Amino acid sequence: MLGAEQQLVERYVASGLVQNVFSPVLNHGERSIVAHMANECAGDQDDFWGFREYLFEEHSRLWRGSIHNTVKELASEYGLDTVDFNNCIDTERHMETLLAQDRIRLEQNITFQPVFQLSNAEVGGFLIGSQPIQAFEEALAELGLTISQ
Amino acid sequence: MKRLSIFGLILPMILAACSAPAPPADIVITEAPVEVAAAATETPLPPTVPPTAVPTDPPTPTHTPTVTIIPVTDTPDIPTNTPVPTPDPNFDWTTVSTRLDDQRMALGNPDAPVTIIDYSDFL
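Sequences listed follow chains A and B, in order.
Mapping of the first sequence onto the numbering used here: position 109 corresponds to residue 150, and the numbering continues sequentially without gaps.
Mapping of the second sequence onto the numbering used here: position 74 corresponds to residue 116, and the numbering continues sequentially without gaps.
Hints listed in this document are in silico derivations from the structure and should not be mistaken for laboratory results.
The model shown is predicted, which means the values in this text are computed figures rather than measured ones.
The reader is advised that the hints may include incorrect statements.
[Unchecked claim] The following label-pair restraints were derived from C-beta to C-beta distances: (1) A:87 <-> B:153: 19 to 29 angstroms; (2) B:134 <-> A:132: 31 to 41 angstroms; (3) B:153 <-> A:123: 28 to 38 angstroms; (4) B:133 <-> A:173: 36 to 46 angstroms; (5) B:144 <-> A:69: 34 to 44 angstroms; (6) A:131 <-> B:133: 17 to 27 angstroms; (7) B:133 <-> A:153: 29 to 39 angstroms; (8) A:105 <-> B:155: 38 to 48 angstroms; (9) A:69 <-> B:155: 11 to 21 angstroms; (10) B:138 <-> A:188: 32 to 42 angstroms; (11) A:131 <-> B:144: 24 to 34 angstroms.
The C-beta atom is built at its ideal place from N, Cα and C for all residues, glycine as well.
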């Protein structure tokens, strides 16, 4: 998924054709919550998207040991301000925000992930599961979006 | 043409109010008309020699009457056909990050024709 997303961002998001919205799915209890909390805490330091990519790259580490310690280690390795970050994690600063975001997907009965909802002003649809870039481009073409390469 | 004729009438008056090198005595009358006339006949007055009636802040006061007396047009300095800025086609929308009303984070053009919502977890 990360590879396709990178191409999506480079081809469609950068040019202004697509806006990419990230909607957390908290399917794995505390580990999910803390991992997404870490992402929000990075957003406090204006690095939401960069740290999000880093969390995806290091996702295997999120399964091991203490999730709180792991995300703090990741934040330190990534280069975030650990004082503010650790405080953010310890105080659960963005808990309400995360729960509100998670309610959105629950209200739409989205229990599987990843799920991609593509839409223009008139019509939309879903891609279920990890997809290659071609699948996204076909779906975008159906929404009237094509780019010359 | 009209502008030139106005200019021709007003200019001597402006020069008289400022530091004219050889103004007629009846127009340039200041508190010391004799000295001015004498200096004018001997050597040209330097442009920086102000008559006593002139404010101590040259040159702005000397310019202001010129603008008001010789109005060229009522339109502002900004041209009326200023082109409307167009979006930069090379702008990188990945630099735009937005917190939506529903608290989710969005990357890219808020007015993009297509939105992709990525429901996913890190685990």
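Here is how each hint holds up against the structure:
Judged by the Cβ atoms, the range 19 to 29 angstroms given for residue 87 of chain A and residue 153 of chain B holds: they are separated by roughly 22 angstroms. In this structure the supplied range 31 to 41 angstroms holds for residue 134 of chain B paired with residue 132 of chain A, their Cβ-Cβ distance being about 34 angstroms. The hinted window of 28 to 38 angstroms between residue 153 of chain B and residue 123 of chain A holds, with their beta carbons roughly 37 angstroms apart. With their beta carbons about 28 angstroms apart, residue 133 of chain B and residue 173 of chain A fall outside the hinted range of 36 to 46 angstroms.
For residue 144 of chain B and residue 69 of chain A, the hinted distance range of 34 to 44 angstroms is not satisfied, since their beta carbons lie about 22 angstroms from each other. Between residue 131 of chain A and residue 133 of chain B the Cβ separation comes to about 39 angstroms, which falls outside the hinted range of 17 to 27 angstroms. Restraint check, residue 133 of chain B to residue 153 of chain A: a C-beta distance of roughly 35 angstroms satisfies the suggested window 29 to 39 angstroms. Our hint of 38 to 48 angstroms for residue 105 of chain A and residue 155 of chain B holds, since their Cβ atoms are close to 42 angstroms apart.
A hinted range of 11 to 21 angstroms is violated for the C-beta pair residue 69 of chain A and residue 155 of chain B, which are about 34 angstroms apart. Residue 138 of chain B and residue 188 of chain A have their C-beta atoms about 19 angstroms apart, which leaves the hinted 32 to 42 angstroms range violated. Between residue 131 of chain A and residue 144 of chain B the beta carbon distance is about 26 angstroms. The supplied range of 24 to 34 angstroms therefore holds.
In this structure, the hints that do not hold are numbers 4, 5, 6, 9 and 10, in rising order.
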